[in-house]
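Keeping their order, the protein sequence lines are chains U and S.
The first sequence: position 505 = 505 (UniProt numbering), numbered continuously.
The second sequence: position 55 = 55 (UniProt numbering), numbered continuously.
Don't take each hint at face value.
What the simulated footprint calls covered on chain S by chain U, stretch by stretch (three residues with Cβ under 8 Å from a Cβ of chain U suffice, anywhere in the stretch; the number is not a length) [unchecked claim]:
#1 32 to 38
#2 41 to 50
#3 66 to 72
#4 108 to 118
Straight-line Cα separation of at most 20 Å, SDA-like style, residue types lysine to any residue; simulated pairs [as the list claims (entries may be wrong)]:
#5 U:K419 to S:Q135
#6 U:K387 to S:F10
#7 S:K119 to U:P593
Selected chain S positions facing chain U (in silico; Cβ < 8 Å) [as the list claims (entries may be wrong)]:
#8 T26
#9 A29
#10 K61
#11 D95
I should point out that these hints are in silico values taken from the structure, not numbers from a laboratory.
C-beta atoms are modelled at their ideal positions from N, C-alpha and C, and glycine is treated no differently.
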Amino acid sequence: MLIKLIPEIGHFALIIALLMAAVQAVMPLAGAATRRPLWMAYGQPMAVGQFVFIAIAYACLTASYMLDDFSVANVANNSNSLLPWYYKFSAVWGNHEGSVLLWSFMLAGWGFAASLFTGNLPRDMVARVMGVMGMVCVGFLLFILMTSNPFERLLPGMPQDGADLNPLLQDFGLVVHPPMLYMGYVGFSVVFAFAIAALMGGRLDAAWTRWARPWTNLAWAFLTVGIALGSWWAYYELGWGGWWFWDPVENASLLPWLTGTALVHSLAVTEKRGSFKSWTVLLAISTFSLSLMGTFLVRSGVLTSVHAFANDPARGFFILMLLAITVTLSLLVFALRAPRVSHKVGFNWLSRDALLLVNNIFLVIMTVTVLLGTVYPLILDSLGLGKISVGPPYFNALFVPLTVLMCIFMGLGSVTRWKSMAARDLIRKLWLAGVAALVIGILMPLLYRGEWNLFVSLGIVSALWIVLPMVRDVFDKTRHASSFLAGVRKLSLAYWGMVLGHVGVAVTIVGVTVVSNYNIERNVRMSPGTTVEVAGYQFTMTELTERRGANFLADTSILQVQRGDSGRSFTMRPEKRLYLATGMPMTQVALRPGLFRDLYVAMGENLGDGSWAMRVQYKPFVRWLWLGALLMAFGGVLAVLDKRYRRTAATREAPKVASQGGSTQNSTQNGAREATA
Amino acid sequence: MTPKRKQKLFIILGLVSLAAIAVGLTLYALRANINLFFSPVQIAQGDAPMERQIRAGGMVKEGSVSRDPESLDVEFVVTDYVDDLEVYYSGILPDLFREGQGVVVVGELQADGRLYADKVLARHDENYMPPEVAQALEEAGYSPADYQAKAAEVGKRLDEEGVPQASEY
Numbered sequence: 001m002l003i004k005l006i007p008e009i010g011h012f013a014l015i016i017a018l019l020m021a022a023v024q025a026v027m028p029l030a031g032a033a034t035r036r037p038l039w040m041a042y043g044q045p046m047a048v049g050q051f052v053f054i055a056i057a058y059a060c061l062t063a064s065y066m067l068d069d070f071s072v073a074n075v076a077n078n079s080n081s082l083l084p085w086y087y088k089f090s091a092v093w094g095n096h097e098g099s100v101l102l103w104s105f106m107l108a109g110w111g112f113a114a115s116l117f118t119g120n121l122p123r124d125m126v127a128r129v130m131g132v133m134g135m136v137c138v139g140f141l142l143f144i145l146m147t148s149n150p151f152e153r154l155l156p157g158m159p160q161d162g163a164d165l166n167p168l169l170q171d172f173g174l175v176v177h178p179p180m181l182y183m184g185y186v187g188f189s190v191v192f193a194f195a196i197a198a199l200m201g202g203r204l205d206a207a208w209t210r211w212a213r214p215w216t217n218l219a220w221a222f223l224t225v226g227i228a229l230g231s232w233w234a235y236y237e238l239g240w241g242g243w244w245f246w247d248p249v250e251n252a253s254l255l256p257w258l259t260g261t262a263l264v265h266s267l268a269v270t271e272k273r274g275s276f277k278s279w280t281v282l283l284a285i286s287t288f289s290l291s292l293m294g295t296f297l298v299r300s301g302v303l304t305s306v307h308a309f310a311n312d313p314a315r316g317f318f319i320l321m322l323l324a325i326t327v328t329l330s331l332l333v334f335a336l337r338a339p340r341v342s343h344k345v346g347f348n349w350l351s352r353d354a355l356l357l358v359n360n361i362f363l364v365i366m367t368v369t370v371l372l373g374t375v376y377p378l379i380l381d382s383l384g385l386g387k388i389s390v391g392p393p394y395f396n397a398l399f400v401p402l403t404v405l406m407c408i409f410m411g412l413g414s415v416t417r418w419k420s421m422a423a424r425d426l427i428r429k430l431w432l433a434g435v436a437a438l439v440i441g442i443l444m445p446l447l448y449r450g451e452w453n454l455f456v457s458l459g460i461v462s463a464l465w466i467v468l469p470m471v472r473d474v475f476d477k478t479r480h481a482s483s484f485l486a487g488v489r490k491l492s493l494a495y496w497g498m499v500l501g502h503v504g505v506a507v508t509i510v511g512v513t514v515v516s517n518y519n520i521e522r523n524v525r526m527s528p529g530t531t532v533e534v535a536g537y538q539f540t541m542t543e544l545t546e547r548r549g550a551n552f553l554a555d556t557s558i559l560q561v562q563r564g565d566s567g568r569s570f571t572m573r574p575e576k577r578l579y580l581a582t583g584m585p586m587t588q589v590a591l592r593p594g595l596f597r598d599l600y601v602a603m604g605e606n607l608g609d610g611s612w613a614m615r616v617q618y619k620p621f622v623r624w625l626w627l628g629a630l631l632m633a634f635g636g637v638l639a640v641l642d643k644r645y646r647r648t649a650a651t652r653e654a655p656k657v658a659s660q661g662g663s664t665q666n667s668t669q670n671g672a673r674e675a676t677a
Numbered sequence: 001m002t003p004k005r006k007q008k009l010f011i012i013l014g015l016v017s018l019a020a021i022a023v024g025l026t027l028y029a030l031r032a033n034i035n036l037f038f039s040p041v042q043i044a045q046g047d048a049p050m051e052r053q054i055r056a057g058g059m060v061k062e063g064s065v066s067r068d069p070e071s072l073d074v075e076f077v078v079t080d081y082v083d084d085l086e087v088y089y090s091g092i093l094p095d096l097f098r099e100g101q102g103v104v105v106v107g108e109l110q111a112d113g114r115l116y117a118d119k120v121l122a123r124h125d126e127n128y129m130p131p132e133v134a135q136a137l138e139e140a141g142y143s144p145a146d147y148q149a150k151a152a153e154v155g156k157r158l159d160e161e162g163v164p165q166a167s168e169y
């Protein structure tokens, strides 16, 4: 009996969560405004309760999927009894309703975590943070309950079996990519809440940034991994070997990443030096707003994409309103409060402060160009001015030069001191790295391919220019220690986080440059016995067979691949699958991954007469793309684990000291450690 | 002017000039890289520019797909049931490319009236119709129900004939 009621239990749990969120949105803020501790104390228990009830709702939906309850419309449309259990589990978020539920679940999860770890914040600050989080939650729970109820029943007349999950989504990528991405999107709600709370309380000092920084770094790390996983998934799943298409949906995730990256850096300046306060707040607001906009673009069906599940104008309108309200309200708070709290801190042009400002400007320009290319067609369309699309050449033409320019400042910024640094010192530190980067970068394409290539040289010079000065910096900083290892151990985790993050950018740049310029793709007609040579590898089709999988039929081709005449030979088995429940064909790529090259074979079309159109590709350094992203994310996590954040958690006094003394105390503490050289 | 003011002035001047450069570059890049969408009717009327990258879309006309037996060259006709557009493409068609279904092609119109496509895009799943195509068909006087019925009919016929994919023609 109870099992039959699972969807209703989930529905009720969502309603209870909404009520709790409403209380959380109102009481603590009212309490902070009227200085009533009892009202302020509502925030944390409500955040916990809300998390518990959304978790129950989420578990109920998952249970409905696992138990094949096809009377639930959502399950009937997106699952099938033949689907393996792990895809049933992930099919929950392979559709509009479920993915919004996951979004809200994670939002409540971040709210829950924030309520646990902010025990040492001033009470009114906690209350305001909780209140803002509550408001965001109310918005999303209302959205679910009013437009996208995942528990809607198909009674009477439930189908015998489900319509199946889109075969493109029946993949490990679906299991990991959306949760990671959502964790990132939603995680920025915490820094957003902190920023708004700080504005409201007029306490826009270095202290709030110290509390917000770990949360921001963590959210940013999740978003980085989420985007990388999406790119990796597209690479092997869509069957044509691209890894970034400048598709509006990809751009939607890149936009908050760009402003999020700017935010991570500007938070560092605000914490250490107390400057850029208003700017940091503005970045926090825009990052979260862009996350919301990403959700709007993806979920409203205005875009043509694999991510656009359904075309329901009511949903798009609701999220658009949510976005408009969030942006308007937060900018209003900003406009009313920001001037009152800003104060000036001077800095020299040759200082980390200034270089980080330049980095921020570049990131914002990149954001604007990507945003323009993404929404321009939508705006023209909604005004009835014709249907256009903006192609990858636009994005490449702007993004690539901007990245190269930014790399120049990245190389400088990571080794420059706060406040000011003599040009002579900087040159002494950097000239060797600069010369080495130029020489190696210019020679590399000649050595690698025997032919000079401007773009490859630019990419490699940029990457080396980021890495080499930091290598030198690490040696400088450890020079006075008893041994290199002892010196390395003395450097803070935050420093290593910065180093790894920047190395990650360099690694990604190398990957992008090499695979874009040296990728070899051949589309050929093959039948058993045909041999094709690509980049020194001989691909021989030996056999064409058929096989039956759990819920699909597949044409499989078996290829023997050999390098030159001598190398070991191995087998690759690409497939063309036909999924039975939907009748949808799918390309299953055969991959031979490697650190320095991937071999990529996909079956295109059956051309009749026993031959197939095959796509054979040699993709050098493609793994570096995602490896770099993982390094960046790892760097972000290392920075979160830094000692000083644990220390603030341990001692109740620290925040007070920081909030009175502004930046100086914080910066001396860390500046001392970083300037051991 | 105090040094602080001076610094502020420089920041603002720098921002403004950078923004101007960025906007200029962006508009230039946008102008060079916009692909307009045209339906076969519009192309037949001569509305579409020649030898410039455009997008076109409609339904793949039944029985129009012909593959060259030696290479990967393929020709097919895209129709909005009013006018037809011949498309030439060399390469691998997407998985969900089928006769009687919606498709978007990206390429250049040549003097012979054919569109030489660099890219052929089909839908991502069974129930989905590219919005541009849906609108173009509506303008040609077909309601969404019409083409869905039509697509279902073609799909059914293909199933009965035991032909799972258009590529086997």
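Review point. Of the hints stated earlier, which fail here?
Key: 2, 4, 5, 6, 7 and 10
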